[in-house]
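> Work out the full structure, taking the sequences as your base and the hints as a guide.
Spelled out from the first residue to the last, the chains are:
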Amino acid sequence: MPRPSDSSQDPSVDPIVRRVAELGLVLPEPPRPVAAYVPCVRSGSLLFIAGQIPFRGGTLMAMGPVPSRTSVELAIEAARQCGLNALAIASAELGGRLSLVRRVVRLGVFVASDPSFEDHPKVADGASQLMLEVFGESGRHARAAVGSPSLPRGASVEVEVLLEVSA
Amino acid sequence: MPRPSDSSQDPSVDPIVRRVAELGLVLPEPPRPVAAYVPCVRSGSLLFIAGQIPFRGGTLMAMGPVPSRTSVELAIEAARQCGLNALAIASAELGGRLSLVRRVVRLGVFVASDPSFEDHPKVADGASQLMLEVFGESGRHARAAVGSPSLPRGASVEVEVLLEVSA
Amino acid sequence: MPRPSDSSQDPSVDPIVRRVAELGLVLPEPPRPVAAYVPCVRSGSLLFIAGQIPFRGGTLMAMGPVPSRTSVELAIEAARQCGLNALAIASAELGGRLSLVRRVVRLGVFVASDPSFEDHPKVADGASQLMLEVFGESGRHARAAVGSPSLPRGASVEVEVLLEVSA
Numbered sequence: 100m101p102r103p104s105d106s107s108q109d110p111s112v113d114p115i116v117r118r119v120a121e122l123g124l125v126l127p128e129p130p131r132p133v134a135a136y137v138p139c140v141r142s143g144s145l146l147f148i149a150g151q152i153p154f155r156g157g158t159l160m161a162m163g164p165v166p167s168r169t170s171v172e173l174a175i176e177a178a179r180q181c182g183l184n185a186l187a188i189a190s191a192e193l194g195g196r197l198s199l200v201r202r203v204v205r206l207g208v209f210v211a212s213d214p215s216f217e218d219h220p221k222v223a224d225g226a227s228q229l230m231l232e233v234f235g236e237s238g239r240h241a242r243a244a245v246g247s248p249s250l251p252r253g254a255s256v257e258v259e260v261l262l263e264v265s266a
Numbered sequence: 100m101p102r103p104s105d106s107s108q109d110p111s112v113d114p115i116v117r118r119v120a121e122l123g124l125v126l127p128e129p130p131r132p133v134a135a136y137v138p139c140v141r142s143g144s145l146l147f148i149a150g151q152i153p154f155r156g157g158t159l160m161a162m163g164p165v166p167s168r169t170s171v172e173l174a175i176e177a178a179r180q181c182g183l184n185a186l187a188i189a190s191a192e193l194g195g196r197l198s199l200v201r202r203v204v205r206l207g208v209f210v211a212s213d214p215s216f217e218d219h220p221k222v223a224d225g226a227s228q229l230m231l232e233v234f235g236e237s238g239r240h241a242r243a244a245v246g247s248p249s250l251p252r253g254a255s256v257e258v259e260v261l262l263e264v265s266a
Numbered sequence: 100m101p102r103p104s105d106s107s108q109d110p111s112v113d114p115i116v117r118r119v120a121e122l123g124l125v126l127p128e129p130p131r132p133v134a135a136y137v138p139c140v141r142s143g144s145l146l147f148i149a150g151q152i153p154f155r156g157g158t159l160m161a162m163g164p165v166p167s168r169t170s171v172e173l174a175i176e177a178a179r180q181c182g183l184n185a186l187a188i189a190s191a192e193l194g195g196r197l198s199l200v201r202r203v204v205r206l207g208v209f210v211a212s213d214p215s216f217e218d219h220p221k222v223a224d225g226a227s228q229l230m231l232e233v234f235g236e237s238g239r240h241a242r243a244a245v246g247s248p249s250l251p252r253g254a255s256v257e258v259e260v261l262l263e264v265s266a
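Residue numbers (this note's numbering), protein chains in the order written: chain A, 100 to 266; chain B, 100 to 266; chain C, 100 to 266.
Hints listed in this document are in silico derivations from the structure and should not be mistaken for laboratory results.
It cannot be assumed that every hint is accurate.
Just so you know, same-sequence chains aren't split out, so a pair can sit in one copy or run between any two.
What the hints assert, rightly or not - Dumping the calculated SDA-like pairs for lysine to any residue here, alpha-carbon to alpha-carbon at most 25 Å: (1) Lys221 / Val112; (2) Lys221 / Ala134; (3) Lys221 / Gly163; (4) Lys221 / Val264; (5) Lys221 / Glu172; (6) Lys221 / Arg252; (7) Lys221 / Ala266; (8) Lys221 / Arg202; (9) Lys221 / Met162; (10) Lys221 / Gly238; (11) Lys221 / Ala135; (12) Lys221 / Ser265; (13) Lys221 / Arg131.
Written out as structure tokens, the structure reads:
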């Protein structure tokens, strides 16, 4: 098995996939929907990716509201994991060619929040920064970040991603 | 007045409308917005349907948070009703030709939730399953399901639907 | 410096910008994102504007849940301010030519809500009415209005706007 870092040397590797490897990131197996829907749907040049929760290695890495049960720091990391899971789905859909992503259009970020929580943007930046690191300027997106009393499976964060992709 | 089941025999009836009848479903009168907006907007091939709450016969069939005031089972049924209301709007917009729907692209599902609730996907499946039953493979969609502390009119569920339609 | 009302006389002024002035509205400086994202992204003919909170003159005009900490009346005004902030972003993106907006497609309205709150549509109308006043028929949009336990910076309302614009 080639190690992930190998792809940073291989010219046949998709340049964005290479950047992912250079960043030390490994795309997980695309998470499977936890219910009756599909991971993503393409309509024209838009790729709608279903809301992702922070599964890492099969378990949720952050559960419960922020900050009473999950710290802001962990929630940031969880938002990043949600973003990584979304990219894994995009990569699978695009046959491993993440450079077909022309633009990250929009993130929808839901943070399981105590009523007094105000730092949703800080949490959401975990996913936003990932997009900037992976896609550079094309990773800059519009965003809505809001609170929820609770999320599927008790997750602390859910992130929905909308991409524009090449035909 | 023809009975709904009649349409399953009539070849002039739109095939998806016929399937709706075969499923024993009756599309309600398209719900009217409860405020200053319209039921749906088409932009290019995308049809954005406004968030639907579970009106059935003029009253909300499920109110209050899940599970303390509405059971999961009733909430599932309510999500299905929201989906049916959205399809009624789509049908009206498309002149009764639901087969112009090329794809169900995305559902946004908001569940009025107690802070400890974790089964949002199960509730959202009420709407998702309806789309699969009515549209088959074309009914498979991306989805975000999240919790809300409260929803318009005290509804237990709100569902927003995005469709791709033929030109 | 010309006063805003002057633009209502000037034929070189964009007709929608003129209507904004006639309504007595002044578009603020486009609010800058409070984190790692951009104010808006265009994809094809769609312009996705990031979720806006009710900054007015640099401070949030409404904080905390409705109705316990912010009245419905103030929240309506806050939703209108969110809409105005979104229009300021659209105007900047379109080089001051708001008449390039062909349609307001969708508003997503999040209201920081007490668990018993039911009047989210009334609050959301603050933003919806603004769109109707500014754009007339083209301002009619689909909408989802829901509750949140808390929003960024403690805001009472967040509004996300999707526009269709001319090529």
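> Now, for every hint given, state plainly whether the structure supports it.
Verification of the supplied hints:
1. For the identical chains of this complex, Lys221 and Val112 are neighbours neither inside a copy (33 Å) nor across copies (39 Å), given an alpha-carbon limit of 25 Å.
2. Within a single copy, Lys221 and Ala134 get their C-alpha atoms only as close as 29 Å, which misses the 25 Å cut-off; across copies the closest is 7 Å, which meets it.
3. In this assembly of identical chains, Lys221 and Gly163 lie within 25 Å of each other by CA distance both inside one copy and across copies; the values are 17 Å within and 18 Å between.
4. In this assembly of identical chains, the alpha carbons of Lys221 and Val264 never lie at most 25 Å apart, being 27 Å within a copy and 31 Å across copies at closest.
5. Taking the closest pair of Cα atoms, Lys221 and Glu172 come within 25 Å of each other only inside a single copy of the chain (9 Å); across copies the shortest separation is 29 Å, beyond that limit.
6. With identical chains, the CA atoms of Lys221 and Arg252 are at most 25 Å apart both within one copy (22 Å) and between copies (10 Å).
7. For the identical chains of this complex, Lys221 and Ala266 are neighbours neither inside a copy (34 Å) nor across copies (34 Å), given an alpha-carbon limit of 25 Å.
8. With identical chains, the CA atoms of Lys221 and Arg202 are at most 25 Å apart within one copy only, with a shortest distance of 22 Å there and 32 Å across copies.
9. Taking the shortest alpha-carbon separations for Lys221 and Met162, both the intra-copy value of 17 Å and the inter-copy value of 18 Å come in at or below 25 Å.
10. With identical chains, the CA atoms of Lys221 and Gly238 are at most 25 Å apart within one copy only, with a shortest distance of 17 Å there and 33 Å across copies.
11. Within a single copy, Lys221 and Ala135 get their C-alpha atoms only as close as 31 Å, which misses the 25 Å cut-off; across copies the closest is 9 Å, which meets it.
12. In this homomeric assembly, Lys221 and Ser265 never come within 25 Å of each other (Cα to Cα): the closest approach is 31 Å inside a single copy and 34 Å across copies.
13. When the C-alpha separation of Lys221 and Arg131 is checked against a cutoff of 25 Å, the pair qualifies only between copies, where the shortest distance is 15 Å, while the shortest distance within a copy is 27 Å.
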